[in-house]
Amino acid sequence: MAAPTGESPKARDGLESDPAALAEQLAHGLRRMGFAQTPASAHGLFTGCVVADPGADVEALEQSLGEALPLTDAAPDDFRATVEAIRRALLAQLYDVELGFGPLLPEGEPIEARAQALSEWVDGFISGFGQMPRLQQMKPSAEASEILRDFAEIARIELEPEDDEDNAAAFEELNEYVRVGVLLIADELAPDDPKRIPMQ
Numbered sequence: 013m014a015a016p017t018g019e020s021p022k023a024r025d026g027l028e029s030d031p032a033a034l035a036e037q038l039a040h041g042l043r044r045m046g047f048a049q050t051p052a053s054a055h056g057l058f059t060g061c062v063v064a065d066p067g068a069d070v071e072a073l074e075q076s077l078g079e080a081l082p083l084t085d086a087a088p089d090d091f092r093a094t095v096e097a098i099r100r101a102l103l104a105q106l107y108d109v110e111l112g113f114g115p116l117l118p119e120g121e122p123i124e125a126r127a128q129a130l131s132e133w134v135d136g137f138i139s140g141f142g143q144m145p146r147l148q149q150m151k152p153s154a155e156a157s158e159i160l161r162d163f164a165e166i167a168r169i170e171l172e173p174e175d176d177e178d179n180a181a182a183f184e185e186l187n188e189y190v191r192v193g194v195l196l197i198a199d200e201l202a203p204d205d206p207k208r209i210p211m212q
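Here the sequence shown is numbered in this note's numbering, starting from 13 and rising by one per residue.
Treat the hints as calculated values from the structure; they're not laboratory data. For each residue, glycine too, the CB sits at the ideal point set by N, CA and C. Do not take every clue at face value.
Stated by the list, open to error - Simulated restraints on C-beta separations: (1) Glu177 / Ala32: 21 to 27 Å; (2) Ala181 / Met150: 23 to 29 Å; (3) Met150 / Leu81: 30 to 36 Å; (4) Ala182 / Glu155: 32 to 38 Å; (5) Gly114 / Asp69: 20 to 26 Å; (6) Ser157 / Glu185: 17 to 23 Å.
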C-alpha cells in the first residue's frame, strides 16, 4: 500500500520486517520519482553504497540512482522518507548481531522472475559499491575481490528453461551465496569504531 503524502520516516520503521511492503513502497517511490530501476536493483544499489560506506546518508543513496524527474511536488519528500527507512534497515541488518540481511526479491513469483530480480540486485550492488568515495581509500581483500567477481557472474545468470526443480535449487544456493558474501564484505569494510556506524 502506498504511503500517504507527508508520512514521516518513523512511520515506515516496520518496512524492514515486511519485504513485500518494502518492495511495493520502493516501487511506488521509484515510479513517482521517474527512476528506471526496479525495487531489486535499487535495493542492491543502496546496499552496495552502505556496505562501501556505512556513513552514507540519504542524499548519497538518492544520488546513486541518477537524475530524477518527479511526477508530483510531494514525490521527493515521500521518496526520501522511504530511502531513509531502507538505509536504517540495512544498517540494522548488516551490522546487528542477528545478521538478518537478505536481498530484496519478489516473493511468490515464478523462479525465473526471482532469478531475474537477483541478477538485477547483484548488478545494482556492484554499481553502488563502486560509487562511494570511501572505497577509493581502501582495498578489498582477495576474498572480497573474489566475491565481487562471482557477483559479476551471477548478474549474468540465465536459468535453464523448463527445469524448475534444478532451477529452484540453483537459485537458493546463489541467493544464499550473495547474502553471505555481502555480509562478509560489510564486515571487512566496517569502521574499526562501531560508533561510526550511524544506526539512526
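Hints, verified against the model:
{"no.": "1", "hint": "Glu177 / Ala32: 21 to 27 Å", "verdict": "holds, 25 Å"}
{"no.": "2", "hint": "Ala181 / Met150: 23 to 29 Å", "verdict": "violated, 36 Å"}
{"no.": "3", "hint": "Met150 / Leu81: 30 to 36 Å", "verdict": "holds, 34 Å"}
{"no.": "4", "hint": "Ala182 / Glu155: 32 to 38 Å", "verdict": "violated, 23 Å"}
{"no.": "5", "hint": "Gly114 / Asp69: 20 to 26 Å", "verdict": "holds, 23 Å"}
{"no.": "6", "hint": "Ser157 / Glu185: 17 to 23 Å", "verdict": "holds, 21 Å"}
Checked against the numbered hints above, the structure violates hints 2, 4; every other hint is satisfied.
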